[in-house]
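The numbering used here applies: residue 808 is where the sequence shown begins, and numbers increase by one.
Since the hints were derived computationally from the structure, they do not count as laboratory data. Computed from a predicted structure; not experimentally measured. Note that the Cβ used here is the ideal one computed from N, Cα and C, for glycine as well. Incorrect hints may have been included.
Said to hold, decoys possible - Computed cross-link-like contacts, BS3-like style, restricted to lysine-lysine with a CA-CA straight-line distance of at most 30 angstroms:
hint: 1; residue 1: 871; residue 2: 883
hint: 2; residue 1: 841; residue 2: 883
hint: 3; residue 1: 871; residue 2: 841
hint: 4; residue 1: 866; residue 2: 820
Said to hold, decoys possible - Cβ pair distances, simulated, as ranges:
hint: 5; residue 1: 957; residue 2: 840; range: 32 to 38 angstroms
hint: 6; residue 1: 929; residue 2: 817; range: 21 to 27 angstroms
hint: 7; residue 1: 830; residue 2: 913; range: 15 to 21 angstroms
hint: 8; residue 1: 871; residue 2: 923; range: 43 to 49 angstroms
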Amino acid sequence: MNRQYAVARTYGKAIFTEALEMNELIEVYQELLKLRDVFSRVPDLGEILTDDRLSVFEKVNIIKDLEGNFSDTVAKFIHTVYDYGRMDEFPEIIDSFEELYYNHYGIVLVDVTTAVALTMDQRHELEEKLATQFHANKVILRPRIDPAIMGGVIVESEHRVIDQSIRTQLENVRTELLRG
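Please build the complete structure, drawing on both the sequences and the hints.
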């Protein structure tokens, strides 16, 4: 485990534990999603608030503006992360929190690759099947389209891959024919 990942896990667990104890888990999660959006819209924000491009005064003003948009719990957490010089790791901290949040509620993230976009009915049916298969309360699909798989579906979650693509099936048939 690299150091940055370990730091993100430590901070993610800290805010998760705080939110759980304060009975604010859902609210903190929603706010962290908004904060993630800020970091995605301003990709250099974490580095700018960590390195020496700005004076301390300028950084503090940015942090105060940022904190003003969030509850006391999240605002204090932002300030703590800033004080320890870890603002450049905030997106990973949020990812770590989200993983704990999903585990807490029995939610499983699933990457689904198809040759064409799934309809809403297909998505709901797949979510239900995968929730049963993964013993999850809920499945959140992250769809990807890759015409190269020709058809079928590739499901990836929690280090498991279920490959039912036409391309893989054809490759398997080819391999069998070459053996025989």
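Each hint, compared with the structure:
1. Between residue 871 and residue 883 the CA atoms are separated by roughly 10 angstroms; this keeps the pair inside 30 angstroms, and the hint holds.
2. With a CA separation close to 16 angstroms, the supplied pair residue 841 and residue 883 stays within the 30 angstroms bound.
3. Between residue 871 and residue 841 the CA atoms are separated by roughly 16 angstroms; this keeps the pair inside 30 angstroms, and the hint holds.
4. Under the criterion of a C-alpha separation no larger than 30 angstroms, the hint pairing residue 866 with residue 820 is consistent with the structure, at around 25 angstroms.
5. Hint check: residue 957 to residue 840, Cβ distance near 35 angstroms, so the stated range 32 to 38 angstroms holds.
6. Look at residue 929 against residue 817: about 40 angstroms separates their beta carbons, and that is not inside 21 to 27 angstroms.
7. Separation of residue 830 from residue 913 is about 19 angstroms and conforms to the stated range, judged on CB atoms against 15 to 21 angstroms.
8. Distance hint for residue 871 and residue 923: a CB-CB separation of about 48 angstroms, consistent with the stated range 43 to 49 angstroms.
Checked against the numbered hints given earlier, the structure breaks only hint 6 and satisfies all the rest.
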